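Asks: Residue numbers (the numbering used here), protein chains in the order written: chain V, 242 to 353; chain E, 20 to 184.
Note that these hints are calculated values from the structure, not bench results. Model, not experiment: these values are computed from the prediction. Mixed in with the good hints there might be a few duds.
Claimed, not checked - Under 8 Å between C-beta atoms, here's a sample of chain E residues computed to sit facing chain V:
#	residue
1	Lys-87
2	Val-91
3	Val-94
Cβ coordinates follow ideal geometry from the N, Cα and C atoms, glycine included.
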Amino acid sequence: MEAMIALGLLMGVVFGGMTLALVTGYMSTEKARAVALTRRQGQVARAAQAIPSFFVKSDRGERPVDVPGFDAMLLARLESHVREEQALVSEFVHYPSIHSLYRQAPQALHMH
Amino acid sequence: MEDLLRHVELFRDLGGDGIRRVLAIGRARTLDAGHYLFLLGDNADELYVVLRGTLDLCLPIALRGALKDITVESVGTGQALGWSSLVRPYRFTLSARATEPSEVVGFARNDLQQLFETQPGIGYSVLTRVSEVMGIRLVTFQALWVRELQRTVDSEAQRSAEGKA
């Protein structure tokens with residue numbers, strides 16, 4: 242009888258511990274995911290800042306323009322630049338040469 | 020759909036029988052404008068062909084603390100996308116977003132691989148076209164990248180010259 246009670250207590254402790262471990266593991270996994278997502282967004286931003294920029298850098302220390310539609314306008318200009326560049330390198334893809342690699346755009350993209 | 024697939028670049032060299040065998044394993048789906056077909060980093064389990072509409076292939080840009088998708092290529096009717104489904108590690112390297120209501124047909128990698136094993140001629144033809152698409156993409160982005168490097172070099176050289184002046 243006492244052995245049965247002892248066995249029952251032992252099983253309770255084992256299963257209770259396993260459940261606690263599962264719950265703890267789940268919570269830590271979710272927390273780790275949330276931290277990883279936040280870190281990834283920060284990493285993308287920091288990595289992007291570390292990339293040498295083709296935009297002309299302003300030395301005047303001005304804050305970015307906070308105008309409605311600025312982001313959309315900037316994205317549109319970036320996409321236009323990408324399309325233009327792809328058109329310029331299309332010849333290089335089929336006829337690679339230094340000349341076809343460095344064909345110039347009619348108007349370079351600059352931000353001041 | 021069979022007529023459309025005949026003009027798809029990936030299936031250009033397939034005969035009628037080959038087209039029908041490919042079509043048999045296809046599964047159509049529709050997308051509303053603005054909806055993503057797949058995201059960068061997703062498991063690449065299907066190769067897609069656009070039946071109608073347009074999809075933009077995008078890469079993320081961090082803009083003032085927020086990630087925005089910038090279009091680097093657009094694919095329209097009859098064009099294929101998702102070749103990453105046939106190349107390890109089978110993960111998409113771009114996101115694909117419908118710019119208008121669109122319809123695509125997806126071919127599961129497992130079904131394609133099984134088809135290629137039982138019909139090696141089809142496999143050879145399709146994978147040859149896939150390698151061409153990959154080659155064009157690779158060379159294009161190499162060229163884009165080195166042009167940006169050159170701009171950076173020119174910019175730094177100019178800055179250095181101005182600093183010394």
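Asks: None of the hints should be skipped; say for each whether it holds.
Replies: Verification of the supplied hints:
1. Lys-87: It holds, given that the least Cβ distance between Lys-87(E) and chain V is near 6 Å, below 8 Å.
2. Val-91: 6 Å, holds
3. Val-94: 13 Å, violated
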